[in-house]
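Q: So you can see what is in the structure, the chains are spelled out below.
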Amino acid sequence: MDPAVVIDVARLGKTFGPVTAVEDLSFTIHAGEIFGLLGPNGAGKSTTLRMLITVLPPSTGTATVLGHDIVTEADAVRSLIGYVPQERAVDRFLTGREHLELLAGLYHLSRVETNERIDELLKLVNLEEHADRVAKTYSGGMKRKLDIACGLLPNPKIVFLDEPTLGLDVQSRLKIWDYIRQLRENGITIVLTTNYLEEADQLCDRLAIIDGGTIRVIGSPLELKTGLGGDSLSVAIKPHEADKLPRLREGVMGLPLVRDVRLKPTGLDILVESPEKCLPAVIEVAQRLDCSLDGIEYHRPRLDDVFVAHTGHGLRGGTPEMVEEE
Amino acid sequence: MTFKHYKQEVLALTMRWVRRLSREKFSMLFTLVQPMLFWLIFFGSLFQHAANIQILQAPNYMSFLAGGVVVMTVLNNGLAGGVDLLFDKENGFLERMMSTPIHRSSVILSRYLFVMAITGMQILVILSIAFVFGVRLETGLPGIAVILAIGMLFGVGLTAISMALAFSVKSHGDFFSMLGFLSLPMIFLSSALVPLSAMPGWMQVVAMVNPMTWVIDAVRPLIITGWNAAIPQVAMAFVILAVFDAVCLYGGAKAFRRAIG
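Keeping their order, the protein sequence lines are chains Z and H.
For the first sequence, position 160 (counting from the first letter as 1) is numbered 160 according to the working numbering, and the numbering increases by one without interruption.
Just add 1000 to wherever you are in the second sequence, counting from 1, and you've got the working numbering.
These aren't lab readings, by the way, just hints derived from the structure by calculation.
The structure displayed is predicted, hence computed values, not measured ones.
Cβ atoms here follow ideal geometry from the backbone N, Cα and C, with glycine treated the same way.
Since no wrong hints were added, every one of them can be taken at face value.
In silico lysine-lysine, DSS-like type, Cα no more than 27 Å apart, as pairs: (1) H:1025 <-> Z:136; (2) Z:277 <-> Z:244; (3) Z:157 <-> H:1004; (4) H:1007 <-> H:1254; (5) H:1089 <-> Z:136; (6) Z:175 <-> Z:157; (7) Z:123 <-> Z:157; (8) Z:136 <-> H:1170; (9) Z:123 <-> Z:175; (10) H:1254 <-> H:1089.
Going by beta-carbon spacing under 7 Å, a handful of chain Z positions derived as facing chain H: (11) 55; (12) 75; (13) 79; (14) 83; (15) 85; (16) 86; (17) 102; (18) 105; (19) 107; (20) 108.
Chain Z on its own, in the form it takes in the complex (with noise of 0.2 Å):
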C-alpha cells in the first residue's frame, strides 16, 4: 500500500432494501488532505460517510482506514478517527465540558489525559468561557465549535465532518474554514461532506462530485476547473444588433488562442486559453465589423460549471432525489 494513503475505498455500494443509496464507490485520500464530498441532498455523501466511521455497514465492497477494514476491525478504525457529526447531535442538557468528558470515557482516556485534552481543546475552539453552559444556550456556532473539539478529543489521525458549516453565518463558516485548515497544518487528515460549492472550492484539496449515488468526478478544484477548457470571456452586443452575430462568431473564431465559441440571443460565450490576450482581440474584431458592444465579462470556470458539466443539473436545482439519508 501507498504510505501516503490513508483510505482506500474499493467498489463500496450500500442498499437499503430495494433502495440502492450508493453503489460501486472508489477511491483513495491522502495523509494530510482536506478531501471533500460534495453532492446534493440525498446524494449518498452521508451514507459514504457513515461507513467510512463503521457506524453503517456496507452492502458491498471494502474499505480500509489507516490499514484496517471498516467491517472486520472496527473497532481499530474507531480508536483512530475523529468524527463530527451535524450540529443538532449535542445534548442540550449537558454542559461543554460534560460532553468531553463523556467522550473521553468512551475513548477510555485516563483521569489526567482527560483533564489535560480538554483543557486543550476548549483552548483550541475558544470555548473556555462557556465550557461549564448547558448546550442549550449555545449559538449555532458555538455548538460547531464544541462538536470540533469532540471530534478532536481521541486525537485522531483522520477527522471526519459532516457537513461542518451547515446553516452558519458567515463568520462562524470562516472561523470553521481557520479550524479545519489549522487542523491539516498539524498533519490531521480531513474528510468532509458538504453540499456548498464555495465550501468544496476553497477549503478541499481534493473532492469528489458525488450525485445519485455514484461518483461523477474526483479532483483538486483547480484540476476540475481546468478540465472544463480554460476561462471564457462572454460579450453581449446590444439587442436591435443582434442580426449581427453570425459575422462575429465568424470574426472571433478566426481569433488564436480562442478554442471554443457559443453563439447566445445578444451575445457570444469564448472559451480561450489566455483571456489577457484575447480580450484585446475581440474587441478589435467587433469593432471592425461595426458592433456596439453593451459589456464584455471575464470569468474562470467556476465550481458550478463542473457541476453541471458532469451531473447535468445545478447543485440547488431540481434533482432527481435518489433516497432520503436516514
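Position chain H relative to chain Z; hints supplied.
A: For chain H alone, kept in the frame of chain Z given last:
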C-alpha cells in the same frame, strides 16, 4: 476490550443520564411524584368507598391498590426506558457514541442501570407514602427486598421492549402511539385496579395472559396478606418473568443489532 475499559464506558454513559435528570428538575419531580399522587392518592381515595372490601380481600382499597401502583410504575418506567435512546438515534448522538471504540452493549447497560435505579427509588417512595396512609407491609423489610427484585425483573423485559421499539420505529410519533397502545390495556386488563374475580369472564381470560397480572398478584400478597400466601405467587412470578425477560431480551438484541449493525 478489557473489563476496566468496559466499566469506564458504562460509568461515563450512566453519568450522562444522571446529569440530564439533574438538569430537568421539574421533570424529575413530576416523574417521582406522579404515580403516587395520581394513582395511589387520587384513585385510592376516589374508590375508597365504592370498592367492595369482600371482593378485594384487602383491609381497604388503598392497600389493595399499592401493589398495583408499584407495578404500574415499573411498567411506565420500563416502557419509557428507550425514549432517550430514540432521541439519541434521531439527532445523531447515538451515531456519535457508536463511532467511538466502545462495546456496543455499554449504551444499553448504562440505560438499564439508570432506569432500574430510578424505578427502585420510586418503589421505595410509593411504599413510604402508602405507609403514611396507613398501609402496613405484612412481610416487612424482607418483603420490600422481594418487591424490588420482582420490579427489577419485570423492568428488564419492559425496557427491552421499549428499546427494541426505539431502534425499530421510523419516527418518535410512531413510538409514542405504540407506547400508548401498549400501556393502557396492560394496566386495565390486569389486576392492577380490580381483582380478577370482579372482572367479566372474557376480561379475566385476557388478564391471565398479561404478565402484569402475575407480577401484581405476587406483589400484592407481600403487602396485604403475608409470606404464606405470597411465596407460591412469588415463585410463579419469577418463572413467568424469566420467560418474559428471555423473549424480550432476545427481541431487543435483534432490533439493536439490526439498527447498529
